[in-house]
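Undergrad: Sequence:
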Amino acid sequence: MSNLKETDKHRRRRVLLAVASIIALFALLVVVDSVLYYGKIHTGVSIAGRSVGGMTHDEATALLNRMAVDDADSAVTLSSGLKTWTVSPADLGVEIDGAQAVSTAMEVSRRSNFLVDLGRRFKLYFVHEDIPVQGTADQTKVNDFISELAGDLEIPPVNAGLRIAEDKVAAVKGQKGLVVNRPALRRQLLPLLLTFSPAKLSVPMRIEKPAIQAEDYQLALVQAKTMISSPVTLKSGDKTWTLSAEQIAAFMDFTAKDSDGVATLEAFLSADKMSPFLKDIAGSVNKKPANASFKSNGEQAWVEPGVVGKALDQKKTAEALTAAALKRADRTATIVLTTVEPALTTEEAEAMGIRDKLAGYTTKWVGTKDRQTNVRITTEYASDVILAPGEIYDFDKQIGPRTEARGYKPAPGIIKGELEDQLGGGICQVSTTLFNAAFFAGLEIVERKNHSIYIDHYPKGRDATVSDGGPNMRFRNDTARYILVRGYSNGVTTTFNIYGTDDGREVTHSTSDFYDEVEMETYKIKASWLSPGTTYVKVTGQPGRSIKVVRKVTAKDGTVIHHDTFISVWKMITREVEIGTGSTTTTAPSSTTGSG
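Quick note on numbering: the sequence shown equals residues 6 to 601 in our numbering.
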């Protein structure tokens, strides 16, 4: 009896030892598996048929990127009957989202709880899992390819209608067509291209019914014969045009309408088919609309009414022609015109509230003839601008590029502290004039900068320089209504007026004396090319100084709208004078004088 107990005890020990060994071995395998694939894709996982097991995220991404490059010409062969077409990922501009595919591959053995993921890891040693690649194709290229393929394959449906040859009319029954199932083809083609491997695909096709189907053709036969029996006249006032029987036949189209439960074919003249003919006529009958505009006299502005236009209504004119063609006598149709409202109607212009002069300013300077040209055309470019409430007037953007093609001439302008000829020289007279108009209108000044050289014929501290890509002059319409910026110039005298609705704001300002004054220094340079006693001013120079302008804008109720300080700083520029030390008499180059 004791021997049996000992035997059972040994047996239990062996079983427990075996179970413990199996558990320990399994635990060891789990540990080894975890160590082997820590931060890596588990074995048994592939992407688009390429094994990526044991790879890190970066290694798998690099593999997919190489695949996309190396296998970009792997073709998908499409077939339908005896016809075949080949297309590659490169042909259709396919781009892969490799990072997404790799992230999905990394998560295959990590997406759930420990026990579920453990089961997946064990399964992957025996059953592999392939991750498809996501990506996109160039839809323009895809559409072009499918359209080309469809052009070779499709048998389009035939609409019910009539065939007209000379004076004979015969019925044409509607027939079904066989066309490419484009949505299905798109859905099936992209995944195959994203495998970057050779593949085959049968082109999906579908039956397409004709848009027009009919059972009864008799009415259309009678209508068509009547319509082509003789010419039709189209008129508008004292102008007439004639449609021949041949033209009527060419413009004829058909539709099916329900008549007591029977699809009955009817004939009509198509506006689409006769569109070129009607467009030619439209030039003789259309009347362009004219926008409402604003007139002004320097003190007030008012609305010049707009003019409503007229345009040929192709659809209704085609309907009128159809009605005339279906008659045996009096086969004349009148052109149908529709009204065309101007972009800015009289009512809209009136509602803008542009009537009162808010402020104006005038500057004068003669300058050269070319400078006068620049000032005059810049004023034209800057003028007649309507600003909505809150909108910003951008001077540099408004006047556009200063080019010869736009009328600009070389004239003196400030370049690096000196006056030199440049295209558009003198335009700052325009920006300065408009700045002062906005200043006294009490509008919000967004941007303004003084010239680098002090110009004494501009108001102290209220000049405004503008340079392409540099300083600019901008202001905002901070009133509750629209405003109109209007200017005029003869090249010498330049005026800008700003019109809107007077909201009662008042503007006061003060100008300081010059301060931070720095005496101009003179630098003398010996010049052997000048004769003794002769001098040449190389750099005019200027003393340094600053000035401050303070503006206060108050509303009718005394509320302060703006309290601005405009500081102008002119740095001291050393005067450079060349003094002759030579022995021969030479002529010094002439110096240029002018204004920015």
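The hints are simulated quantities; they were obtained by calculation from the structure and are not laboratory data.
If you're wondering where the values come from, they're calculated on a predicted model, not measured in any experiment.
Hints may contain errors.
[Said to hold, decoys possible] With a straight-line cut-off of 27 Å between C-alpha atoms, the simulated DSSO-like cross-links for lysine-lysine are:
id, residue 1, residue 2
1, K362, K557
2, K543, K576
3, K292, K454
4, K293, K262
5, K230, K278
6, K332, K173
7, K321, K284
8, K244, K205
9, K369, K146
10, K454, K362
11, K244, K300
12, K292, K278
13, K374, K465
14, K321, K332
15, K262, K230
16, K205, K146
17, K321, K244
18, K244, K292
19, K262, K205
20, K374, K402
Undergrad: Evaluate each hint against the coordinates.
TA: Right, here's what the structure says about each hint:
Annotation: proposed proximity of K362 to K557 holds, straight-line Cα distance about 19 Å (limit 27 Å). For the hint linking K543 to K576, the alpha-carbon distance of about 18 Å falls within 27 Å, and the restraint holds. A C-alpha spacing of about 47 Å is found between K292 and K454, which places the hinted pair above 27 Å, so the restraint is violated. Pair hint K293 plus K262 does not hold up; C-alpha atoms about 38 Å apart against a cutoff of 27 Å.
For the given pair, K230 sits about 19 Å from K278 by alpha-carbon distance, which is consistent with the 27 Å threshold. Using a Cα cut-off of 27 Å, the hinted pair K332 and K173 holds, with the two alpha carbons roughly 19 Å apart. Pair hint K321 plus K284 holds up; C-alpha atoms about 14 Å apart against a cutoff of 27 Å. For the given pair, K244 sits about 64 Å from K205 by alpha-carbon distance, which is inconsistent with the 27 Å threshold.
For the proposed pair K369 and K146, the alpha carbon gap of about 62 Å is over 27 Å, so the pair is violated. Distance restraint check for K454 and K362: the Cα-Cα separation of roughly 26 Å lies within the 27 Å cut-off, and the hinted pair is therefore satisfied. A threshold of 27 Å between alpha carbons decides the hint, and for K244 with K300 the separation of about 37 Å lies outside it, so the pair is violated. A distance of roughly 24 Å separates the Cα atoms of K292 and K278; the hinted pair therefore holds under the 27 Å criterion.
At roughly 26 Å between alpha-carbon atoms, K374 and K465 fall within 27 Å of each other, so this suggested pair holds. For the given pair, K321 sits about 17 Å from K332 by alpha-carbon distance, which is consistent with the 27 Å threshold. A distance of roughly 19 Å separates the Cα atoms of K262 and K230; the hinted pair therefore holds under the 27 Å criterion. With a C-alpha separation of about 20 Å, the suggested pair K205 and K146 falls inside the 27 Å cut-off, and the hint holds.
Of the supplied pair hints, the one linking K321 and K244 holds, its CA atoms being roughly 18 Å apart against a limit of 27 Å. Taking the CA atoms of K244 and K292, the gap is about 15 Å. The hint holds against a cut of 27 Å. Distance restraint check for K262 and K205: the Cα-Cα separation of roughly 45 Å exceeds the 27 Å cut-off, and the hinted pair is therefore not satisfied. Restraint check: the Cα-Cα separation between K374 and K402 comes to about 25 Å, which is no more than 27 Å; the hinted pair holds.
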